[in-house]
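A.B. asks: Sequence:
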Amino acid sequence: DIIDHAASHYRDAFPAMFSASQKCRAPHLNLDNLREALFASEVIKREKMGSGGELVKWIARKNEGLRKQYAEGEMDDAKSKLENGKKVGQATLKKARKHDFYLGLESTWLYK
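Mapping of the sequence shown onto my numbering: residues 4 to 115, in sequence order.
Where hints are given, some of them may not hold.
Derived pair list, reagent style DSSO-like, types lysine-lysine, alpha-carbon separation capped at 30 Å [stated by the list, open to error]:
1. K26 to K97
2. K101 to K115
3. K115 to K97
4. K51 to K71
5. K51 to K97
Pairwise CB distance ranges (calculated) [as the list claims (entries may be wrong)]:
6. E50 to Q93: 31 to 39 Å
7. H12 to E45: 17 to 25 Å
8. Q93 to K51: 35 to 43 Å
9. D15 to E39: 27 to 35 Å
10. C27 to Y114: 17 to 25 Å
11. K51 to G92: 15 to 23 Å
Hints in this document: simulated from the structure, not taken from any laboratory.
Since the structure is predicted, the reported quantities are computational estimates derived from the model, not experimental observations.
Idealized CB from N, CA, C, for every residue including glycine.
Produce the complete structure using the sequences and hints provided.
C.D. replies: Given below as structure tokens:
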């Protein structure tokens with residue numbers, strides 16, 4: 004289905020950023036948790052998507068937005084504050100930047 008296609012695409016494209024643990028820490032994602040989050044957010048219905056490819060592109064745009072939000076220099080304090088009030092450490096941010104994968108830093112992207 005649409006969600007499985009997109010979630011599997013990102014797991015295959017960014018294997019280092021996915022964890023088998025459902026209680027993984029940022030910047031990692033868990034495949035099942037990602038599927039559940041995409042379903043719960045009703046993004047397919049809200050954005051009127053008809054294919055897994057459309058969802059893959061939508062997620063890519065969200066990752067790009069997060070890349071800009073966490074751009075080099077903008078958040079280089081020892082602890083940087085996220086939109087949801089949590090803090091992200093330098094090691095976490097460094098790994099997200101290294102792999103160019105920011106979706107695991109926060110979940111607000113699901114609802115924007």
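A.B. asks: Take the C-alpha atoms of K51 and K71, compute the straight-line distance between them, and say whether it is at most 30 Å.
C.D. replies: holds (25 Å)
A.B. asks: Mind checking the alpha carbons of K115 and K97 for me, to see if they're no more than 30 Å apart?
C.D. replies: holds (24 Å)
A.B. asks: Do the alpha carbons of K101 and K115 lie within 30 Å of each other, as the hint requires?
C.D. replies: holds (25 Å)
A.B. asks: Please check whether C27 and Y114 have a Cβ separation lying inside 17 to 25 Å.
C.D. replies: For Y114 against C27, whose Cβ atoms are near 21 Å apart, the range 17 to 25 Å holds.
A.B. asks: Taking the Cβ atom of D15 and the Cβ atom of E39, is their distance within the range 27 to 35 Å?
C.D. replies: The hint (27 to 35 Å, Cβ to Cβ) is violated, given that D15 and E39 are roughly 19 Å apart.
A.B. asks: Could you tell me whether the CB distance from K51 to G92 stays inside 15 to 23 Å?
C.D. replies: Violated - the Cβ-Cβ distance for K51 and G92, about 37 Å, lies outside 15 to 23 Å.
A.B. asks: Given the range 31 to 39 Å, decide if the beta-carbon distance of E50 to Q93 lies inside it.
C.D. replies: holds (33 Å)
A.B. asks: Hinted pair, alpha-carbon criterion (30 Å max): K26, K97. Please report holds or violated.
C.D. replies: The given pair, whose Cα atoms are some 20 Å apart, holds under the 30 Å limit.
A.B. asks: Using the Cβ atoms, figure out if Q93 sits within 35 to 43 Å of K51.
C.D. replies: holds (39 Å)
A.B. asks: Confirm or reject the claim that H12 and E45 have a C-beta distance inside 17 to 25 Å.
C.D. replies: Between H12 and E45, where Cβ atoms are some 20 Å apart, the hint holds.
A.B. asks: Are the Cα atoms of K51 and K97 separated by 30 Å or less?
C.D. replies: Distance of about 34 Å is beyond 30 Å: violated.
Checked against the numbered hints above, the structure violates hints 5, 9 and 11; every other hint is satisfied.
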